[in-house]
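Chemist: Please take these sequences and the hints and turn them into a complete structure.
Residue numbers (my numbering), protein chains in the order written: chain D, 88 to 415; chain P, 972 to 1305.
Think of the hints as simulated: they come from the structure by calculation, not from any bench. Because the structure is a prediction, the values reported are computed rather than measured. Note that beta-carbon positions come from the ideal geometry of N, C-alpha and C, so glycine has one too. It is possible that part of the hints are untrue.
What the hints assert, rightly or not - With a cut-off of at most 30 Å between alpha-carbon atoms, the simulated DSBU-like pairs for lysine-lysine come out as follows:
#1 P:K1282 - P:K1300
#2 P:K1292 - D:K210
#3 P:K1292 - P:K1014
#4 D:K210 - P:K1282
#5 D:K207 - P:K1282
To be verified - So the derived label-pair ranges between C-beta atoms look like this:
#6 D:Y379 - P:A1179: 43 to 51 Å
#7 D:W213 - P:S1127: 51 to 59 Å
#8 P:G1068 - D:F405: 47 to 55 Å
#9 D:I257 - P:A1179: 53 to 61 Å
#10 P:V1004 - D:K400: 28 to 36 Å
#11 P:S1127 - D:F175: 39 to 47 Å
#12 P:S1127 - D:P334: 17 to 25 Å
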Amino acid sequence: MPDPNHIALLQINGSSPVYLRPLEGDIFMELLLECWDVLVIAILRGGLYALMAVGLSLVFGVMNIPNFAHGELYMFGAYTAYFAYTVFHIGPIPSILAAGILAFVLGMILEKGVFYPLRKRSKRQWVMNTFLVTLGMSIILQNLAKLSWGSTYHGITQYWQGRVRWLSSIAISMDRVVGFLIAVAVITTFFFFMKKTQTGRAIRAVSQDETGASLVGIDLNFIHTLTFALSAMLAGIAGACLLSINPAYPTMGLNPLYKSWFVAILVGMGNVGASIIGGLIVGLLETITYFYFGGGWQDVISLSIIILILLFKPRGLFGVKGVKTALE
Amino acid sequence: MQIEIDQSRNNSRIWTTWLSAIGIKPLGLGLLVVFALLPAFLKDEFILRLLISALMFGGLAMAFDFTSGFINIVNFGFAAFWGVGAYTSGLLVVKLGWSPWLAMPAGAVMSGILGFGLGLLTIRLGGIFAACMTWFVALAMMSAAGNWVELTNGHSGMTVPLFFDTLKNWPYFYVVLFMVLGIYILLTCIIKSHVGMAFRAIGQDTEAAASSGVDAVKYKVMNFTISCTIAGLYGGFYSHFIGILTPLVMHTSHTVELLAIAYIGGRGTIWGPLVSAMIMVPVMEFLKDLMEFRLIMYGALMIIVMIYYPKGFVGLWETAKAYIRNKRKSLTMA
Chain D
88 MPDPNHIALL QINGSSPVYL RPLEGDIFME LLLECWDVLV IAILRGGLYA
138 LMAVGLSLVF GVMNIPNFAH GELYMFGAYT AYFAYTVFHI GPIPSILAAG
188 ILAFVLGMIL EKGVFYPLRK RSKRQWVMNT FLVTLGMSII LQNLAKLSWG
238 STYHGITQYW QGRVRWLSSI AISMDRVVGF LIAVAVITTF FFFMKKTQTG
288 RAIRAVSQDE TGASLVGIDL NFIHTLTFAL SAMLAGIAGA CLLSINPAYP
338 TMGLNPLYKS WFVAILVGMG NVGASIIGGL IVGLLETITY FYFGGGWQDV
388 ISLSIIILIL LFKPRGLFGV KGVKTALE
Chain P
972 MQIEIDQSRN NSRIWTTWLS AIGIKPLGLG LLVVFALLPA FLKDEFILRL
1022 LISALMFGGL AMAFDFTSGF INIVNFGFAA FWGVGAYTSG LLVVKLGWSP
1072 WLAMPAGAVM SGILGFGLGL LTIRLGGIFA ACMTWFVALA MMSAAGNWVE
1122 LTNGHSGMTV PLFFDTLKNW PYFYVVLFMV LGIYILLTCI IKSHVGMAFR
1172 AIGQDTEAAA SSGVDAVKYK VMNFTISCTI AGLYGGFYSH FIGILTPLVM
1222 HTSHTVELLA IAYIGGRGTI WGPLVSAMIM VPVMEFLKDL MEFRLIMYGA
1272 LMIIVMIYYP KGFVGLWETA KAYIRNKRKS LTMA
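Modeler: Here it is, written out as structure tokens:
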């Protein structure tokens, strides 16, 4: 509950804040401020969920692969950022960029090494087979990480200093805010790429109709590799942004994995644009649960709500008929 | 004299046909006898316990493959049904003072009810959607078991009384052997009946099956409920065998293990996952020195089997049999 004597309008880095004149005992004001707190935290969380979910939906929409190794790509991004920041001492933004680039490369390698031979071999039961293949991949990646870097937590204390208080009594760490802004920037760039550039249009064409796309001369193998690499890059950036909040350890990927799956199934698999809104919705559900029921029940309650929604709209909130959905 | 020989031959033939109707071919019968006599010769408690675990995993893998191999739905939340059976059985004994022998079937019933409910809601939709929904339910249940501290003692775990007071493992071995045998016969009888044919039809092509008059929803839910009930039964056994229950029983990694065992054994057969568990669980245990390498091999094995050899152990066995048959034919013809 916000303390009526300390409602700061905006305070960055502990500078002296501009205070609101508190209206004593105004329940409506307190309620509003509480809602604001919840909303701010929900949006900050939801932004990163959206980043993860966009990658997942992209891979499912274009390549029809349900990627259960998405969490491991997130983990890879976190580890890369850790080593870039602590061992090579490059600044925060370059380490996040480095994480993105190296995750891109990893995605390329994985696609060429694992999915390309599978595509050439047989396309029967593609969804189920690739699901199992990504499961195997996730086991391998987790254990490679354990082998190389051990099971201990590799974290950093902070990227950027300071805390922000915006119209609330809760001080939010600068890392979260900047991480959110980075996520927004990345998603915006990604959408610009998809809508305006030729390659982006090629990717969208492949997601709509593979045969038609190859008829107009789009190189399917190139597009598939590019898509998977992009998805890996998005996950890696998410992992790198949250490094100070979630330290890196080999099995850290399970949590982001199932969160991004919640979002993807909630909005309808393959729907990349709606994943952003879905990320915010899931962030909101979680934050409300966190505020009112305590941290442990987050999963149960947000899951129950998602399951309820899916019972009435099995194609997802924004699932469109005719587009690849989770039902095939 | 000839009549007596013929009569005895006919009698043995009746026996063998009857046994193979419930799925026990001569080789299986031989292995069964070997296993039944094993505790008399094996005094090493560690290996005995390992075999008990392997048999339990075999039973679980059979139940998992019953859904994923026959109606082609991956029950990605399988470990939660296992865990629900374990927790129900444990709680009934600890809180209400039931006997473990009664609590185990009660755990199975609870899992069955949960499976029936979940099946009605989501399994009719099939595909990756059903897999994801079962996964989400498993995650929710694991979280609930961890947070409902008054009931389940949360993440610190719950101690559960064991079946027998003795420290020896051989009673547990016979219990689990009997359970595995019973489940194997049950599943084989189901598969060989028209219900099993319906399952296979649904697994191969749901629409074609529906147009032939097979009620897809009814059979899918039936299959799912049976699979979850069996998982609950083994969960009950697990809780009274290990004696300590934590919410981690329901973790996704256990489902992934069972999935790997079932798939490497061969989809769509009953004995494939059982044999695969009997081979893989001891092998993984003995390779423990390799630490992470063994899990990397495990993941790599799964990928390789998926891409290059989807029939698994069963396929290997069939290939070997066909090879021997061809060799025999070429020898007799020449």
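Chemist: Determine for every hint whether it applies to the structure shown.
Modeler: Hint-by-hint comparison with the structure:
no.	hint	result
1	P:K1282 - P:K1300	25 Å, holds
2	P:K1292 - D:K210	28 Å, holds
3	P:K1292 - P:K1014	35 Å, violated
4	D:K210 - P:K1282	16 Å, holds
5	D:K207 - P:K1282	19 Å, holds
6	D:Y379 - P:A1179: 43 to 51 Å	50 Å, holds
7	D:W213 - P:S1127: 51 to 59 Å	44 Å, violated
8	P:G1068 - D:F405: 47 to 55 Å	51 Å, holds
9	D:I257 - P:A1179: 53 to 61 Å	58 Å, holds
10	P:V1004 - D:K400: 28 to 36 Å	56 Å, violated
11	P:S1127 - D:F175: 39 to 47 Å	41 Å, holds
12	P:S1127 - D:P334: 17 to 25 Å	24 Å, holds
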